[in-house]
Each structure stands twice: as structure tokens, then as C-alpha cells.
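Residue numbers (the numbering used here), protein chains in the order written: chain H, 2 to 280; chain W, 2 to 280.
Hints may be right or wrong, so weigh each one.
[What the hints assert, rightly or not] Covered stretches of chain H (in silico footprint by chain W; criterion: 3 or more residues with CB under 8 Å from a CB of chain W, positions within the stretch not fixed):
(1) 10 to 20
(2) 62 to 70
[To be verified] Under the rule of at most 30 Å between Cα atoms (straight-line distance), these lysine-lysine pairs were calculated in the DSBU-like manner:
(3) W:K275 / W:K160
(4) H:K43 / H:K160
(5) H:K188 / H:K160
(6) H:K43 / H:K275
(7) W:K9 / H:K275
(8) W:K160 / H:K9
[Claimed, not checked] To list a few chain W residues with every Cβ distance to chain H over 12 Å, as calculated:
(9) D97
(10) E134
(11) L135
(12) I138
(13) E196
(14) T222
(15) A223
(16) E253
(17) S258
(18) H260
Keep in mind that the hints were calculated from the coordinates and are not lab data. Positions of the beta carbon are idealized from the N, C-alpha and C atoms, including for glycine.
Number of protein chains: 2
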Amino acid sequence: MEHIEAIKEFGGWLNRYRHDSATCHCSMTFSVYLPPQAQTEKVPAIYWLSGLTCTDDNFRVKAGAQRYAAELGLALVIPDTSPRGLDVPDVPERYDLGQGAGFYINATQAPWSQHYQMYDYITRELPALVEAELPLIPGRRSISGHSMGGHGALICALKEPGVYRSVSAFAPICHPMACGWGQGCFKAYLGHDREIWAAYDAARLIEAGAAATPLLIDQGTADEFLAGQLHPMSLERVCTARDFPLTLRWQEGYDHSYHFIATFIGEHLTWHAKALREA
Amino acid sequence: MEHIEAIKEFGGWLNRYRHDSATCHCSMTFSVYLPPQAQTEKVPAIYWLSGLTCTDDNFRVKAGAQRYAAELGLALVIPDTSPRGLDVPDVPERYDLGQGAGFYINATQAPWSQHYQMYDYITRELPALVEAELPLIPGRRSISGHSMGGHGALICALKEPGVYRSVSAFAPICHPMACGWGQGCFKAYLGHDREIWAAYDAARLIEAGAAATPLLIDQGTADEFLAGQLHPMSLERVCTARDFPLTLRWQEGYDHSYHFIATFIGEHLTWHAKALREA
């Protein structure tokens, strides 16, 4: 992988890398914040998955997470939200399909399937790469994300039992099969069989018996996408039915923006750090 | 003034306003973060002046300042960097002249002088407006900024003795008469008489006897604009000669970006809060 940027922040280093992805068949860019502790020892990693329209840049610029990561001794691994490039299929007039909208799934349908393999990229290729090349403790990972990336964090943790110590999300798409954003992408990337969609739907995965991982969700009550797209109540219902360890916090007056994330990211990282420190 | 946006953050409110500026003869947009304390009492204000190319958006999104402002009970008043609009002169192909590059001075030359009155806007019209309309303690102000906005913060404090309790800056343009950015704007906005330029040059103002205000500056050693544009050593020299209360901190390895600001903004706000709390 090519090291294309290094910016000092909170005593650590915010790095950006580019590599040829064997999974997505294109050049992929990602960022990693290494806290000061990583200069002398290996550290655990939080994977952050961003939402629709984002690249690796949004979280590193807007969330204010590096301060907490420096205090807690955590690396932040921040991938892109889809494959990219002129050769990669896209629908430029839509923000919710194609580039910037990978939905963290492995596409099976043409023309998407060659490049849109984000699930394997996030859960396999990227961790193997960064754990080989950077001072990260192998296998010591937690995962979090926002909106489409909150959905991504949930399905990665639910489908890979034992791989993530903890999972959290901000305003996640909890039941993509039941909302327009999810249906649009699932139909394009996976075809029309809704039982195949269910393998990438957090509410359905929990309903079907996914192994328990501690799960923290913050949801703003003034979120403009709450009613139409997010469906946290569907997730809460299946968690309650199965005694799944969900902590769903309703945050009064908060919207869907990074200002909401900035407000609570410190609490999320502190919560993940506790899970990551346990033997 | 028109209240055009309100976003909850750290228990307070990040607001955006638009008003018809009598000083700049155009519609101006600015942001104010009101901490939770402002719901029950009036609070002191920090004015933040941004650098070239910025609007009020950059600082509120990238600096991570709202967390500290909420803890310390400080309002953040975040103006734009120039007049704006189709009727306002601009040089679209240049980032360092015209809109986005007001340099916080009162222009005297055509075609700039009708709208580019940012010094009076920042020191007179805006404070009078926000102190009349928002829960701010009248006259209880400090000021800070970055790059061109660091220059702006310095000259506002130096030219208005007693108005700001404290002044700080990140990588400020300390001696604009001696750098390309400053010379380009001063020539356009003020004409060719360099003695008029000196009234907006921090190093020259201190040399000429400006009253002392506590001054904190952070400067990264890896700042890509340090050698060509910023000249902190010129400022340090005149401060030393006059025993002016400057604290200049060289921050090893830090660049010119908002990641540098984010790292140290908490220390700046804490320092300002101490000055603002004194009777």
C-alpha cells in the first residue's frame, strides 16, 4: 500500500493510504489515525464505516474522534464507502446508488458485481492489510458507523461472530429491506430475491439468531431520516424478543449530522475501549 | 436578523443567521454556537475569524471547538471571511483576493470599498447585533483565528484596546506587508501607500506601541506556509523589544490544517475562558 498523506494530530498521525484492492478490483483509498501510543506499542482498532455520499474524509474531518482515540490509545481505520474510479459502475445523478453508496455488501448482479464487494473488503482484505502493515494488535477490533455505515457496522458484527469485540452505530439503517435507500441498492446489487437481501439486514439477522455482540446505538429524535429510512424500533423489537444485548439511546433534539456524531463519539469510543481492553 | 439553521450539539445549539449588513452593504451569514449554559444565563463570547477560502462553515465543522465551548460556557461567534454575493466584486480565479479573502480590513479603493468593510463589520456591527439579539454578556469578548483570520484577530485586538480580554491565533499572518498574500490584498483594497497598510499589520502595530493584550500563538513547524507567508519571527522580535505579553508556542510536526487547530483549540478556549472570567 502507498502512504499518500500524514498529518500530525493530537500527538499521533492521521495517515492516508492507497492500494490496489484484489477484492474490489480497483484502487481504494482509506485513512488510519494512529494514536501516540502506536509509536511504541501495537494498539486495538476501531473500524468506522461512513454513510451515503461520504469518502474516508468526512469522519476524519468532522467527528472530532481523534482526540478521544489519542486519549484512549485506539487506532481508527476509516475506509471509503464504495469502490471508486472511472471503470467502476456509477449512477452520477443518484447519491444513493453506485459510488458513495456501496452499502457494505457483496454484489451479485451485473454491472455491480465485479467491483462492489465491500463486505469482503471491510471484513477480510482491509483488516488483513492494515494488521500486516501497521502497529495494530491482530484481531483486536471493534466497529462503528453512521447511517448506511451504521448498517454496515451492524451486519459486519452480526455476520462475523467473535471478530468484533463490540459494535456501535449512530442513526443506523436498521432494517434496509424496509426502506427506500436499502431497497434501491439491494435490488440493484443483489437482484429481486428478498431472502438474499435478508443476509444483509440487521433486524432480520438478529431475528434469525445471530450471535450476541454488545451493541450501542444512538438515535437523534430530530433526525430527518428517522421516520422514512432508519427503523430503529424494528431492531429494538427483535432484540427484545431475543434478549439481544442492545442499548438504544434516544438523544432528544439531535439530527442526522456529524454534529450529532461529534457530541457522542467520545462515549462510543470509551465504550469500545472497555470491550477492547478485556482479555 | 433571520435565524436560518439550528443544530443541537453538545447540549447547546449551533445556530446560523443571515442579515442585511449596513456596513458591508450586502447580505451576510454567520454562525453562533450557544453552549447549554446560555439557556439560563448570558455567557461570554469568543469571536473566531477564519482563513482564506473559508466561510462560517469550516470552523464549526472541523475544529471540534463546540465540545470545549459547552464545557466552559462560552459562545462562539463565527463570521464569514468577506462580503458575499453576485453584486460584490470578486476575482473568481484567485483564492487570495476578493470573496473569501476580505483580510478583515476596511477597503478604500474601487471597486472594493463599497462592500469590503470587514474591520468595521467584525469590531462594530456584528458584536452590536449579536449582543442585542442573543444571550451574550455585553462587551465580554475575546478573539481568535487562523491564518488570515489569525491576522484579523491580532489587528482587531491591537487596534481596539480594552475591547477583547484576550487574543490568540493559529498560524497567523503576522506581518502581512511582508508576504505575498498580504501585499496582494493590501494593494488592491488600500492602494499603494504602505503607511496605510501598516495600520492593519500586527507586527507594525506592536512596533508602533499598541496597548498590551495577552496574546497566545500556536505555530506548527511543518506548516507549508510558514516560510513564505506567516513571519511569526518578525512578530516575536517586536514583542520582545517592547516586552509585549506574547506566548509563541512552536508545535513540532504540525501543519497548517484544521487538524492542527483541532489539536490545540481546547487549550486556547481554556486560556480565553480564564481571561473572560476575571472581573
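These are the hints, each one checked on the structure:
1. A stretch counts as covered by a chain when three or more of its residues have a beta carbon under 8 Å from one of that chain; for the stretch 10 to 20 of chain H and chain W the count is 4, and the coverage holds.
2. Coverage of the stretch 62 to 70 of chain H by chain W holds in this model, with 5 residues showing a Cβ closer than 8 Å to a Cβ of that chain against a need of three.
3. Of the supplied pair hints, the one linking W:K275 and W:K160 holds, its CA atoms being roughly 22 Å apart against a limit of 30 Å.
4. Proposed proximity of H:K43 and H:K160 is supported: the alpha carbons are some 26 Å apart, at most 30 Å.
5. With a CA separation close to 20 Å, the supplied pair H:K188 and H:K160 stays within the 30 Å bound.
6. This hinted pair checks out: H:K43 and H:K275 have alpha carbons roughly 17 Å apart, not beyond 30 Å.
7. As the CA atoms of W:K9 and H:K275 are separated by approximately 28 Å, the hinted pair is consistent with the 30 Å bound.
8. Only pairs whose Cα atoms come within 30 Å are accepted, and W:K160 paired with H:K9 is rejected, the gap being roughly 34 Å.
9. With a closest Cβ-Cβ approach of about 22 Å to chain H, W:D97 is found to remain outside the 12 Å limit, as its non-interface label requires.
10. Every beta carbon of chain H lies more than 12 Å from that of W:E134, the smallest distance being close to 22 Å; the non-interface claim holds.
11. At roughly 19 Å, the least C-beta separation between W:L135 and chain H is larger than 12 Å, which holds for a residue marked as non-interface.
12. Against the 12 Å criterion, W:I138 stays outside the reach of chain H, whose nearest CB is about 25 Å from its own CB.
13. Distance check on W:E196: its Cβ is at least 40 Å (rounded) from any Cβ of chain H, clearing the 12 Å threshold; non-interface status holds.
14. W:T222, annotated as away from the interface, has a beta carbon of chain H within 12 Å; the closest lies near 10 Å.
15. The Cβ of W:A223 does not lie farther than 12 Å from every Cβ of chain H; its closest approach is about 7 Å, which violates its non-interface assignment.
16. For W:E253, the condition that its CB be more than 12 Å from all CB atoms of chain H is violated, with the nearest at approximately 8 Å.
17. Not every Cβ of chain H is farther than 12 Å from the Cβ of W:S258; the closest lies at roughly 6 Å, contradicting the non-interface assignment.
18. Against chain H, the non-interface label of W:H260 is violated: not every CB pair exceeds 12 Å, the least being about 4 Å.
Checked against the numbered hints above, the structure violates hints 8, 14, 15, 16, 17 and 18; every other hint is satisfied.
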